Amino acid sequence: MSLMRVILVLLLLILFTYTTSALKNPSAVYCEALGYEFVIFSSPYGEVGKCLLPNGTAVDAWDFYKGKVAIDYSYCAKMGYEAKHVEREDCKSCLVCVLPNGTEVEVAELMGLSFEETTCGDGVCGIPENHSSCPQDCKSGGEDGYCDGVKDEICDPDCLNGEDVDCINETEIEAVPTITAPTTTPTSASPTNVPTTSKTPSETPGFEIIEVLFAVSILIAWRRR
3 MSLMRVILVL LLLILFTYTT SALKNPSAVY CEALGYEFVI FSSPYGEVGK CLLPNGTAVD
63 AWDFYKGKVA IDYSYCAKMG YEAKHVERED CKSCLVCVLP NGTEVEVAEL MGLSFEETTC
123 GDGVCGIPEN HSSCPQDCKS GGEDGYCDGV KDEICDPDCL NGEDVDCINE TEIEAVPTIT
183 APTTTPTSAS PTNVPTTSKT PSETPGFEII EVLFAVSILI AWRRR
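The numbering used here runs 2 ahead of the 1-based position in the sequence shown.
By construction, these hints were calculated from the structure, which means they are not laboratory data. Among the clues, some could well be false.
[As the list claims (entries may be wrong)] Think about it this way: if two alpha-carbon atoms lie no more than 16 Å apart in a straight line, the pair counts; the simulated EDC-like pairs of lysine to aspartate or glutamate are:
#  : residue 1 : residue 2
1  : K26       : D160
2  : K94       : E84
3  : K80       : E165
4  : K94       : D74
5  : K141      : E118
6  : K86       : E111
7  : K94       : E119
8  : K86       : E106
9  : K86       : D65
10 : K153      : D168
11 : K80       : E118
12 : K153      : E165
13 : K26       : E119
14 : K70       : E89
15 : K94       : E111
16 : K141      : E155
17 : K80       : E155
18 : K80       : D62
19 : K70       : E119
20 : K94       : E106
21 : K141      : D160
22 : K70       : E49
23 : K86       : E108
24 : K80       : D124
Since this is a predicted model, take the numbers as computed values, not measurements.
Based on the provided sequences and hints, a complete structural model is requested.
Next up, the structure:
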């Protein structure tokens, strides 16, 4: 009987160790952290994870995570960095973002992704949770690696230029200069502030023509003499 208890305890320890050290699929975590949808398709070779991009294309999730496909939809591209697929010892085959100073950082490290199991609803917005995958823990406008674009008067720090209307409104408010209208003080000489002008003969329409005709008539009369 004691032997059965020992075996049962060992099995429970193994089960506990397995559940506490369980890891999520990195390609699924990366796909969903960007706000895309991770789906599983059945194929003749088994189940294949796909990442549904905003343009409707479904790409192999692992190839997308490694930077082999859809570079334009990668985290690097969203943040304005150059995206590169590299083969090296520390990550075997992976996607790196090239920072402005030339440093190459593996995308999961740059995003701060964690592949450990997390619980939505525990009140803590932990990676890879974001406002899209777990709004209970991650509030709108928070720094969670996801641009929610919600109109809530909070400029989401995860959004690029033009993605969050709240950021656009803040920019417009800062850009509008304050214009002070000039003031005029009326004088007693001109109560209406409208200057009055009088036309001189040279400004009268047709006056120059009359002068020319008058000179021509005098010249003709003088020649007839």
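- Query: Of the numbered hints stated previously, which ones are contradicted by the structure, given in increasing order?
  - Reply: Of the numbered hints given earlier, those the structure breaks are 1, 2, 4, 5, 7, 11, 17, 18, 19, 22 and 24, listed in rising order.
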